Amino acid sequence: VITFSQTSADADFYASNIVMNDTAQASFNLHLALDSQEIELSLGITGEHNVANAIAASIIALQMGATLEEVQIGLQHLNKVKGRVEVEELSDKIKLIDDS
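Start counting the sequence shown at 1; every next residue gets the next number (my numbering).
Hints were generated in silico from the structure; no laboratory data involved.
Where hints are given, some of them may not hold.
Derived Cβ-Cβ restraints for the label pairs, each shown as a range [as the list claims (entries may be wrong)]:
1) Q37 to D92: 35 to 45 angstroms
2) A66 to A11: 28 to 38 angstroms
3) V19 to E89: 15 to 25 angstroms
Listed below are the simulated SDA-like cross-link pairs for lysine to any residue, each with C-alpha atoms no more than 20 angstroms apart in a straight line [claimed, not checked]:
4) K95 to Y14
5) K82 to A24
6) K82 to T23
7) K82 to I97
8) K95 to Q25
9) K95 to N53
10) K82 to K93
11) K93 to D22
12) K82 to E48
13) K82 to D12
14) K95 to I45
15) K82 to N53
16) K82 to L96
17) K93 to G44
18) K93 to T23
19) K95 to A24
20) K82 to D98
21) K82 to I18
22) K95 to D22
23) K82 to G47
It should be emphasised that the depicted structure is a prediction, and the values quoted were computed from it without experimental measurement.
Don't be surprised by glycine CBs; every beta carbon is placed ideally from N, CA and C.
Starting from the given sequences, assemble the full structure and let the hints guide the process.
Below is the structure:
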């Protein structure tokens, strides 16, 4: 059993230093507790909830033989899905979040 968490350092894989940018895209450190490795990741998609999704995807990719660098590049270049948490700035004060 492999465990992961967006918050708990007790898991096999966990995130720390989660920072959201102006468009609600996260960057964070991914820790691999089993071998004390750590890598900084940035997501190309919106939403803090996607940190947990990224950790899970990272575990699967690593189990399939990907390197940490390949995981890092893949997560940076995620394609947004139309209608899924798309942020459109309508003015300086108004942002539209399309999650249709």
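Right, here's what the structure says about each hint:
1. For the pair Q37 and D92, the beta carbons lie near 42 angstroms from each other, so the given range of 35 to 45 angstroms is met.
2. The hinted range of 28 to 38 angstroms is not satisfied by A66 and A11, whose Cβ atoms lie roughly 20 angstroms apart.
3. For the pair V19 and E89, the beta carbons lie near 20 angstroms from each other, so the given range of 15 to 25 angstroms is met.
4. For the hint linking K95 to Y14, the alpha-carbon distance of about 31 angstroms lies beyond 20 angstroms, and the restraint is violated.
5. Proximity of K82 to A24 is assessed by CA-CA distance (about 16 angstroms); at most 20 angstroms being required, the pair is judged to hold.
6. Of the supplied pair hints, the one linking K82 and T23 holds, its CA atoms being roughly 16 angstroms apart against a limit of 20 angstroms.
7. Of the supplied pair hints, the one linking K82 and I97 holds, its CA atoms being roughly 11 angstroms apart against a limit of 20 angstroms.
8. Between the alpha carbons of K95 and Q25 the distance comes to roughly 14 angstroms, so the proposed pair stays at or under 20 angstroms and holds.
9. The hinted pair formed by K95 and N53 fails the criterion: a straight-line CA distance of about 24 angstroms is larger than 20 angstroms.
10. Taking the CA atoms of K82 and K93, the gap is about 23 angstroms. The hint is violated against a cut of 20 angstroms.
11. Taken as a hint, the K93 and D22 pair is honoured in the structure, with Cα atoms around 13 angstroms apart against an allowance of 20 angstroms.
12. In summary, the hint linking K82 to E48 is supported, as the alpha carbons are separated by about 18 angstroms, within the 20 angstroms threshold.
13. Between K82 and D12, the direct Cα distance comes to roughly 33 angstroms. Violation of the 20 angstroms bound is thereby established for this hinted pair.
14. Straight-line distance between C-alpha atoms of K95 and I45 comes to about 16 angstroms, which keeps the hinted pair within the 20 angstroms bound.
15. Taking the CA atoms of K82 and N53, the gap is about 18 angstroms. The hint holds against a cut of 20 angstroms.
16. Note on K82 and L96: the hinted pairing holds, with a Cα-Cα distance of about 14 angstroms set against a maximum of 20 angstroms.
17. A C-alpha spacing of about 23 angstroms is found between K93 and G44, which places the hinted pair above 20 angstroms, so the restraint is violated.
18. Taken as a hint, the K93 and T23 pair is honoured in the structure, with Cα atoms around 13 angstroms apart against an allowance of 20 angstroms.
19. Annotation: proposed proximity of K95 to A24 holds, straight-line Cα distance about 11 angstroms (limit 20 angstroms).
20. The suggested pairing of K82 with D98 holds, with an alpha-carbon distance near 9 angstroms, which does not exceed 20 angstroms.
21. The hinted pair formed by K82 and I18 fails the criterion: a straight-line CA distance of about 25 angstroms is larger than 20 angstroms.
22. For the proposed pair K95 and D22, the alpha carbon gap of about 11 angstroms is at most 20 angstroms, so the pair holds.
23. The straight-line distance between the Cα atoms of K82 and G47 is roughly 15 angstroms, inside the 20 angstroms bound, and the hint therefore holds.
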